[in-house]
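A.B. asks: What follows is each chain in one-letter form.
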Amino acid sequence: MPTGKSERLDIRSSDDVVRVRQLTRTLAVETGLSLVDQTKIITAASELARNTLDYGGGGHVVAEIVENVGRRGLKLCFEDQGAGIPDIVAALKDGFTTGKGMGLGLGGAKRLSNDFAIASKPGEGTKVTIVRWK
Amino acid sequence: MDRIPILKFGDALLVTIQVDMHDRLATALEEDLTKKIVDHSAKGVLIDISALEIVDSFIGRMLDNIAAVSRILDADTVVVGMRPAVAITLVELGLSLSGVKTALNVERGMDLIRVRLDKPETEDADGEE
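As given, the protein sequences belong to chains A and B, one line each in that order.
Letter by letter, the first sequence follows residues 0 to 133 of numbering that gives the first Met the number 0.
Letter by letter, the second sequence follows residues 0 to 128 of numbering that gives the first Met the number 0.
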């Protein structure tokens with residue numbers, strides 16, 4: 000359940016990836032996440048923001064502090080209207096990449112989050128949602 | 000475009016990353032360092048990342064690349080000052096930086112580099128005596 004605070008950032012350049020990290024950090028502190036958990040979700044956000052930029056051709060992120068049965072968490076939702084991912088299972092495997100990276104981004108972001116959801120349709124884009132709970 | 004400053008310190012190069020780097024800045028640092036290793040015939044590169052709040056796969060790969068390239072150019076790279084939370088996150092991300100030498104702080108990092116810098120000099124000194 001959202002607690003009302005929600006922020007949206009466009010991801011169009013590598014400077015925006017830095018801005019996503021900064022926004023995530025601010026909200027992670029506000030959520031009350033531990034230092035290690037802050038570091039994990041900022042790193043996951045960096046990976047997903049770069050994916051949005053490099054593979055999705057740009058898009059945006061919506062960040063919000065959520066609450067579930069008295070537990071607070073930070074939820075990030077990355078969305079692009081790019082080419083989409085034809086084989087999500089393959090894309091989640093470490094080392095799988097269609098670009099210049101190492102293929103750790105998506106699988107790494109999943110490991111660094113408590114909740115992870117991905118929806119993608121070829122030709123329509125990709126939406127990745129992660130939550131790190133306190 | 001901004002650049003990360005590279006300081007010359009004897010036969011070693013010293014880099015302190017103090018800003019949240021965007022990807023182009025990281026790539027520029029990789030190129031600048033490679034050039035300076037050759038220009039100064041540097042034998043060691045010390046990279047201080049104590050100010051970095053995160054190391055993601057891109058920066059991790061940059062550190063790996065710098066270490067690999069400097070090795071080929073006959074220089075040792077030591078990464079120092081990684082925060083504990085960054086180390087935990089990096090391993091969970093799937094990056095172990097296996098090709099990079101690390102030390103807990105600048106002092107220990109310099110010791111690692113000095114071991115290598117001092118060796119030939121010590122041998123020379125011994126030879127002269």
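Calculated directly from the structure, the hints in this document are not laboratory data.
For every residue, glycine included, the Cβ atom is placed at its ideal position computed from N, Cα and C.
Misleading hints may appear alongside valid ones.
Interface residues of chain B toward chain A, partial, derived using beta-carbon atoms under 7 angstroms [unchecked claim]: (1) Asp1; (2) His21; (3) Asp22; (4) Ala50; (5) Thr88.
A.B. asks: All the hints need checking, so say for each whether the structure fits it.
C.D. replies: Here's how the hints hold up against the structure:
1. Asp1: With a closest approach of 11 angstroms, the Asp1(B) hint is violated.
2. His21: 4 angstroms, holds
3. Asp22: 4 angstroms, holds
4. Ala50: 14 angstroms, violated
5. Thr88: Holds. Min distance 5 angstroms.
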